[in-house]
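The task is simple: from the sequences and hints, build the whole structure.
2 protein chains.
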Amino acid sequence: MFKINDNYLKLEKNYLFSLIASKTKEYLKENPDVKLLKMGIGDVTLPLPKAVVSALNKAVFEMSKKETFRGYGPEQGYPFLRRAIKGYYAEKGVNIEEDEIFVSDGAKSDLGNILDILGKDNSVLIPDPVYPVYVDTNVMQGRKIVFLDANEENGFLPLPNEKLRADIIYICSPNNPTGATYNREQLKKWVDFALEEKSLILFDSAYERFIEDKDVPKSVYEIDGAKKCAIEFCSFSKTAGFTGVRCGYTVVPKELSVDDVLLKDLWLRRQTTKFNGVSYIVQRGAEAVFSEDGRKQVDNNMAYYKKNAKIIMKGLKECGISYTGGKNSPYIWLNCPKGKDSWEFFDLMLKKAHVVGTPGSGFGKNGKNCFRLTAFSDRESTELATEKIKELINKEFL
Amino acid sequence: MFKINDNYLKLEKNYLFSLIASKTKEYLKENPDVKLLKMGIGDVTLPLPKAVVSALNKAVFEMSKKETFRGYGPEQGYPFLRRAIKGYYAEKGVNIEEDEIFVSDGAKSDLGNILDILGKDNSVLIPDPVYPVYVDTNVMQGRKIVFLDANEENGFLPLPNEKLRADIIYICSPNNPTGATYNREQLKKWVDFALEEKSLILFDSAYERFIEDKDVPKSVYEIDGAKKCAIEFCSFSKTAGFTGVRCGYTVVPKELSVDDVLLKDLWLRRQTTKFNGVSYIVQRGAEAVFSEDGRKQVDNNMAYYKKNAKIIMKGLKECGISYTGGKNSPYIWLNCPKGKDSWEFFDLMLKKAHVVGTPGSGFGKNGKNCFRLTAFSDRESTELATEKIKELINKEFL
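If you read the protein sequences in the order shown, they are chains A and B. So the first sequence is numbered by this note's numbering: it starts at 818 and just counts up by one. So the second sequence is numbered by this note's numbering: it starts at 818 and just counts up by one.
Since the hints were made in silico from the structure, they are not lab data. Since the structure is predicted, the reported quantities are computational estimates derived from the model, not experimental observations. Incorrect hints may have been included.
Same chains, same label: a pair holds when it works inside one copy or across any pair of copies.
Below, computed lysine to aspartate or glutamate pairings styled on DMTMM-like, alpha-carbon distance capped at 25 Å [said to hold, decoys possible]:
| id | residue 1 | residue 2 |
| --- | --- | --- |
| 1 | Lys1124 | Glu1029 |
| 2 | Lys855 | Glu915 |
| 3 | Lys1045 | Asp1158 |
| 4 | Lys1168 | Glu1213 |
| 5 | Lys961 | Glu1029 |
| 6 | Lys1168 | Asp1082 |
| 7 | Lys1134 | Glu1208 |
| 8 | Lys867 | Glu829 |
| 9 | Lys961 | Asp938 |
| 10 | Lys1071 | Glu915 |
| 11 | Lys937 | Asp823 |
| 12 | Lys830 | Glu914 |
| 13 | Lys1168 | Glu1135 |
| 14 | Lys1127 | Asp1032 |
| 15 | Lys903 | Glu847 |
| 16 | Lys883 | Glu1204 |
| 17 | Lys1031 | Glu1208 |
| 18 | Lys852 | Glu1208 |
| 19 | Lys1113 | Glu908 |
| 20 | Lys867 | Glu879 |
| 21 | Lys937 | Asp1082 |
| 22 | Lys842 | Glu914 |
| 23 | Lys855 | Glu884 |
Below, the structure is given as structure tokens:
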């Protein structure tokens, strides 16, 4: 008789965003005339940059003609796109070879799938609060997880702690959900720690394009030694609006090995066996993100979302709410007024302000009195939501 | 210190198609003027159907406007596409609900990833010869594999054997690589066996659209009881030319459960956690495959490839080479002349006929004297390759 993977039974039943969706749906069913302002899930609202649209159209045209049609492509991504990504790293002063770059359908897929090449008996260190995917994907494979507290005291930027050793360490900077970012000195502490402990860092840099401060690395490889201990995951989702187009990339440096087995070779083997590459059309769209026009257009989108973040931050300051993030990040992580529970605050925001945010406890115990807002909405909704939040707080908590 | 997944070290070093590619590359380096005829890898050559191209263009346009832009979609696929797939099943007389259908970036991904939800201690029955992905994905997770001989004696269609019990059973019909297809009576034997043994059938129906015979089921669910024991994997790759566009789907019926845990719920959890859905643009393209125009155009493509298969079959008959497949399948699986070893025959075909095929031993021990040709090339190459194969065989083996 066949057996299921019992580890799945250990997962928390509701995925955070599904629960938010069902609560929202229920509220809208009872209040069909209310227009909710969605400031929760990290989805973008600006359409694709023009350069991307042109590239997609061109690729579709190529696929319509026998002479230019493309079938199976390389599982690790077309050289044209890997070359563009290599160039992007070079601008950050980081030399990455094309065969260390793996194009995928998104950072979420890779962050989950990378665990395939790692042993089940690795211990895992995950900050709390955290993007739930890090936890769930490890629970699914039965790994032991140790949590590292990120809280107001350490500015949601916990540093290595010799009492909390682990084989695999997750770092997300700019952080989802807290918006906090490690500076160079802090990140160096993590890299040095990993090198000493022979730990592997899984570095999620999906939000690197939001970084403005010179002192905040955009890639973990800006830190000496990181190529010997870190895999980096990145995405076109939040910068170029690819949440519905699906493209990301993962860097596995050739310096990363265990007993002369290169991790990049294992990952290539995983991808060639269990993946067939990203749509050619999508890869051409992603390539255009690095073109001169593409860059300008993405910069404009970034400026738009950053302005949203500023509007939210100003509003929160005006009603005395403290927060982290918002500057080098699209996320604003606020402390619920008067230490309110985050799901209670969620309900209040939903019902009284008609704003949908993300309750901090969905990201871990240290988020239980926090709440995540994002800068990804449109200007009008952001302004309106900010006003409504201010009203709510002034009315209910002052 | 972090550890790799040691199971990866048990994998055969070279992935079949990579080895073919490197042998081919080497030959071309020494003989730069030779034009090789690629009759090996199962990649299509006809461009995307017009209906698909229109739908892709329309979707790209939608993504370029704020009002119609789409971000994250449902991980299991948009309702519009799942509805179309449901309708396609209904035409085969099979009732599948939308929430039993999961859209993905291809059958290869799903065939590998489905193992995530199944226990490591399941035994696995895999026919030999076989699509290497079934074997490698199980080796990666350390499962015990039992092989089932498919050979000339059983027409490459092995039937259940009580001495070969297993928890998970792979069936691919029309088969890759042999082109053999189970008829209704034979497939019923497998379903009955699985029900009795409480085994799970992983049914790969990627080539179902090539089936002409009324007696050959296009879906395992045409057999009574299959919903209680089978997951079905399908793809747009070979029919609508999506090998470079990337879209497939998997059906997990709600009748499939272990101790009241529904497999479809586990799979949904896997997909929502480790996957972010298929590109919206691609899903619109896939939807168009089921439109009236799309169907006609796909039928025309099918007719084109089927004609290729006929040309190859006729050529093989003329020089006395026996084979299976070719009729309800794009694959022609031939017996190497005079029992020649398949890699030797590969080299001979490459060097003397300038035809690249796939050596049978790449698919398992029972393929060691067989060779796979595909009907996916263009007409001209197919005709030329057939002539060259005939010449080679008449010259070298008669």
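Practice task
Check each numbered hint against the structure and report the violated ones by number, ascending.
Solution key: 2, 3, 5, 6, 8, 15 and 17
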